[in-house]
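Generate the whole structure from the sequences, applying the supplied hints.
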Amino acid sequence: MGRRWRGIGLVLAAHGSAAVLALAVFAAVRDRLPDPMATHFSGAGPDGFTAHARWPWVVLGVLLGVGALVGAVLWAGSRRGGLPRATVAAVAGVPGVLGWALAAVPLANTDLADASGARFDPLMLPVMALAGVLSATVAGWLLGPDPEAGPEAAAAEAPLELAAGERAVWSRAAGARSAVWLAAALLVASAALSALSQWLPAAVLSSVAVVAAASTLVRVVVDDRGLSLVWFGLPWFRKRIPLEQIETAGSREVAPFAEFGGWGYRVRPGSRGLVLYAGRALSLRLRTGKEFVVTVEDSRSAAALLNALISRRGTEG
Amino acid sequence: MLVRVDTASPVPLGDQVAAAVRGAIADGRAAPGDRLPGARQLAASLGVNVHTVLRGYRKLSEEGLIELRRGRGAVVTAGAGPARADLVARVRSLVADARALGLGDEELLALLRTCQER
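Heads up: the sequence lines are chains A and Y, in that order.
Using this note's numbering, you'd call the opening residue of the first sequence number 1203 and step up by one each time.
Using this note's numbering, you'd call the opening residue of the second sequence number 62 and step up by one each time.
By construction, these hints were calculated from the structure, which means they are not laboratory data.
Beta carbons: idealized from backbone N, C-alpha and C, even for Gly.
Do not take every clue at face value.
Some chain Y residues judged to face chain A by a derived CB distance under 7 Å, without partners named [said to hold, decoys possible]:
#1 MET62
#2 VAL64
#3 ARG65
#4 THR68
#5 ALA69
#6 SER106
#7 LEU107
Pasting the structure below:
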């Protein structure tokens, strides 16, 4: 509980400090700036200008707006389970980059009589990246290491009854059907943003949409060779866990954000796998003592078949 | 979706594959719009010939339970709910019962037509 609020507090504080930094730089050089100053840069030169009186509100709006949004997402995402250090650090890195970008704007205008001569110094890009890394590191260090608590072990599912000559396969698309709706909604939002010429957010949203749609194209297959994840249309692009590497199979609740710090193919100490939604997942206990998870509906049937195949293999060999 | 085939059973393997898919649709584990595993993939998993699986899929397609689309594989049709899959399964067992009774296929069809007239 305390740790969760501390993590959210650190992220909010990072946004606040970035705003203070950007405003302090602006205040320090304000007398040497043209009014309005250049505030938006594209390839050739400045293409957006803002009056001095408005600039502090832009800075506050961006940083506090992003901060509030991120804080709300963290708060909602960490209700089940906790807040991993890596997540807090990654999220706290963003205001470092944003803060320096906003601080660099008045610097690019300093000592100019005419704002149209302003140029954005490309050297600012590595500085922004460095500021991001620095703010991520500090936030991660202040939060402290993740508590030592492995994932709750999934109870082994009762094996399916298999006759001697019987061969069986379990196969299902991974992920939730809702991912398709999410992808569609993101594409609509992306199209709306590109209509407003907001290319960068539009590109980000549409790439998230592609990932969401692609995740539903993963098929989980259980047969006597073990577990395979196969991408539709790319049969050679697969991830396989051979049967002999699996100790036992079960089904358990997974909280992607709290446990794995997000969605997708995730690797955490002691556990890895494809985590696409919060809910029941197929959970394999491997011979190495580690866990492999895949979020897939009807995971208990998959676990029952795997356990039957494992015990049949044991009696044969 | 679970597909199991028994090589010791007298039922042809293609029919066993079709019965497994029909059963999955009937109990709701495969819903309209769901994509079935690719025939090649399923055949490799079960250790049977691709044509055996395709024969099962073609049967399901004739029953209106799945749609076979070129390049997109097999998809459970929009109208193929549990009730429909159950009906198909009952018609199949009706045909089997009639044959067991020594009823010719034409006789069974005539009987069905009689039942349809009111």
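Hint-by-hint comparison with the structure:
1. MET62: holds (6 Å)
2. VAL64: With a closest approach of 5 Å, the VAL64/Y hint holds.
3. ARG65: holds (4 Å)
4. THR68: With Cβ-Cβ at 5 Å, under 7 Å, it holds.
5. ALA69: holds (4 Å)
6. SER106: holds (4 Å)
7. LEU107: Given a least distance of 5 Å, the restraint on LEU107/Y holds.
In summary, the structure agrees with every hint in the numbered list given earlier.
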